[in-house]
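Student: Here are the chains, one letter per residue:
2 protein chains.
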Amino acid sequence: MKMTEIKGGVTSAKGFKAAVAAAGIKYKGRTDMAMVISERPCECAGTFTSNIVKAACVQWDQKIVKDGGPMQAVVVNSGIANACTGKEGFDACEATAKAVEDALGIPFGTVGVASTGVIGMQLPVEKLKAGVKMMSGSLSDSGEAGTEASKAIMTTDTVNKEIAVTFEAGEKTVTLGGMSKGSGMIHPNMCTMLGFLTTDISIDKSLMQEALSEVVKDTFNMITVDGDTSTNDTLLLMANGLAGNEKITSKNADYETFKEALFYVCRFLARRMASDGEGATKLFEAKVINAKTKEDARTLSRAIVGSNLSKAAIFGCDANFGRFLCAMGYSGAIFDQNDVELYFKSSEGKLKVFDKGVPLTFDEDEAVRIMKAPEVTVIADMNEGGEEATAWGCDLTYDYVKINADYRS
Amino acid sequence: MKMTEIKGGVTSAKGFKAAVAAAGIKYKGRTDMAMVISERPCECAGTFTSNIVKAACVQWDQKIVKDGGPMQAVVVNSGIANACTGKEGFDACEATAKAVEDALGIPFGTVGVASTGVIGMQLPVEKLKAGVKMMSGSLSDSGEAGTEASKAIMTTDTVNKEIAVTFEAGEKTVTLGGMSKGSGMIHPNMCTMLGFLTTDISIDKSLMQEALSEVVKDTFNMITVDGDTSTNDTLLLMANGLAGNEKITSKNADYETFKEALFYVCRFLARRMASDGEGATKLFEAKVINAKTKEDARTLSRAIVGSNLSKAAIFGCDANFGRFLCAMGYSGAIFDQNDVELYFKSSEGKLKVFDKGVPLTFDEDEAVRIMKAPEVTVIADMNEGGEEATAWGCDLTYDYVKINADYRS
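For the protein sequence lines, the chains are F and B, in the order given.
The first sequence begins at 1 in my numbering and counts up one residue at a time.
The second sequence begins at 1 in my numbering and counts up one residue at a time.
Since the hints were made in silico from the structure, they are not lab data.
Since the model is a prediction, treat every value here as computed from it, not as a measurement.
Don't be surprised by glycine CBs; every beta carbon is placed ideally from N, CA and C.
One or more of the hints may lead you astray.
[Unchecked claim] Examples of chain B residues toward chain F, derived with CB under 8 Å:
(1) G86
(2) K350
(3) G357
Please construct the entire structure, taking both the sequences and the accompanying hints into account.
Tutor: Rendered as structure tokens:
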């Protein structure tokens, strides 16, 4: 497959524009609202949190996706999550969507909304409506507008997250771009963050949903920061068909190409979120190979990056491999520790530390050197099958505690 | 029921003695081995980690309990966990038990062993054997010997944990005592720590196991420090019958009295472990009331005290109640957020913060005052049934990270 990563984000695909506003929802002196619109109505797909305490905006978007769309715009705010807010919270979603209809004539039932921030606080609806009005007058398809949007949706994130790729489908050049935010309350279960993907491909809606759901399993659902599945996780994909390719209506070569591009984009954004986990100093990757089943491989790799003790050891560059094996042991997957081999790996080298039930003697200095790299991988070779999976997390640091001991103030 | 808490621990019941040794297994200048023996063979019961990566000593003890006992002694070491150590680790268990037989004539098949400390490191068997020999010459039934034993098994614990009670059964005075250790790698799944209970009651073995398994569900299985289920969790209960009561062979009044005493002792030790969680500054209790089922109540309360974000909020005295509701939402229990009421409670007062889907406006200063107490309770009234459960954990602090970033050195 020929795919090219280009500089860009949600405004890269044809017919998409974005704008931001500093609406004063919670933060001072920074943008806290973003809007992305398409020139024309889009087929849409989405995945949402499996937390049964769902934010009002999640319920709003789920209805649009479930009813089959279309979706033409999405309005996002940071600062307040609009979760645990009862009927008043749901009314706020409707008011925001109606403000888009008032300003741009886009039917309010095709306007997605998403929020991230403090739970259990009502949105200041008048500020949101004013923000929508402001943004409606400053929409732009420039790369800068996309970048600004990816910054406006940040909460405790330290870097913005965006990407775009182009590829060929039906002899046309198709563009797929996206942005996401997520730093805390991140744990694999549907998608665990806010993410917005835009593309000009022409594709059947249910095929698009199928591709997205499959890709999410090995990308956004494989990251964790703190084991807390958010009430607001939302990933939306909008396709407006402006690339002019022959519409994809079966799992042909174009479908596979699209899915591959989707995987690339989602994996990029997921890894960026993991390495920007709250307080994180490094990306912590777990690769489980030769597992009995794919589900085992996923479960085991997620358990490794999800363990507080493993994460603290990664922070301290302490090759305390027993903690990784311990986490695998309580993950729920069944295996024999006497089959397992464990390795630490990074740009600085690779070190075997455990060999089929037997702890190896290794050079501690070498272990520290390997673990000091900005990306550290633990490899677990299960020696019992042919399946593999990779999960991503980050280290557990003093700053994680600092950030979360008083998030609201 | 008439039960009296007395000063004491594992040596309080008739016929039990203890001794300790500084065997130099890992620590310098402190005791790191303890031995508890009974004058005569005991009926024994036990619960063990559900982690499938089980330490060698867990496998050793499980076999004794499964084969129906008896058990007459238990040897415990701190510093090295003897987990992930293959055949060499299992041989170390046998060598330790045989050292007891050599020194005291107690058959090695009736000697339990337990270890706690670093995973993935072999035990120094000669040091253990020397320790057993030393301890065999200094066994004592004094309260001080019990206290010293409870100190020798500590790892990152900051306080020792012991308790004893007396009660009447069959017109005889029965004594039940115990000690435990546990501070990190603590998460409810069988029993999640080392605990040793001794009693002089006379009771049928299978009834004793049944009582222990039931009590564990609402005590040791309801605590969490970091969500990491250890490879070494072991709770052993030994009963030597020296109280002279008529043997309990049915679920009569004496059985109920015994079970109640067992609950009291286990709950005490469990709470002590939670409040002494690594780096903890306070006990964090979650009480779920009016739940649909007992299992729901347990699941919900454990999710609240298990959430990193909730624990960080408790540390920061931040009444960020949405995090508690979020944790309940991803716990797996099914409920409607519009039925839930949430309260913070401590010795300083009680404050309602969420009322059936609606966040309440409350006095932040009052919330901080309540949350500054050394024991803080979150109450979730589900308003959908009559079942309740309580779980215990601790706050997540800078010191947790500090302790675990470089535990091995």
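Student: Take the hints in turn and mark each one as holding or not.
Tutor: Hint check results:
Taking 8 Å as the C-beta contact cut-off toward chain F, the hint placing B/G86 at the interface holds, the least distance being around 4 Å. Nearest Cβ of chain F to the Cβ of B/K350: about 18 Å, over the 8 Å cut. The hint is violated. Given hint, B/G357 at the interface with chain F, holds; its Cβ is 4 Å from that chain's nearest Cβ, closer than 8 Å.
When each numbered hint is compared with the structure, a violation occurs for hint 2 only.
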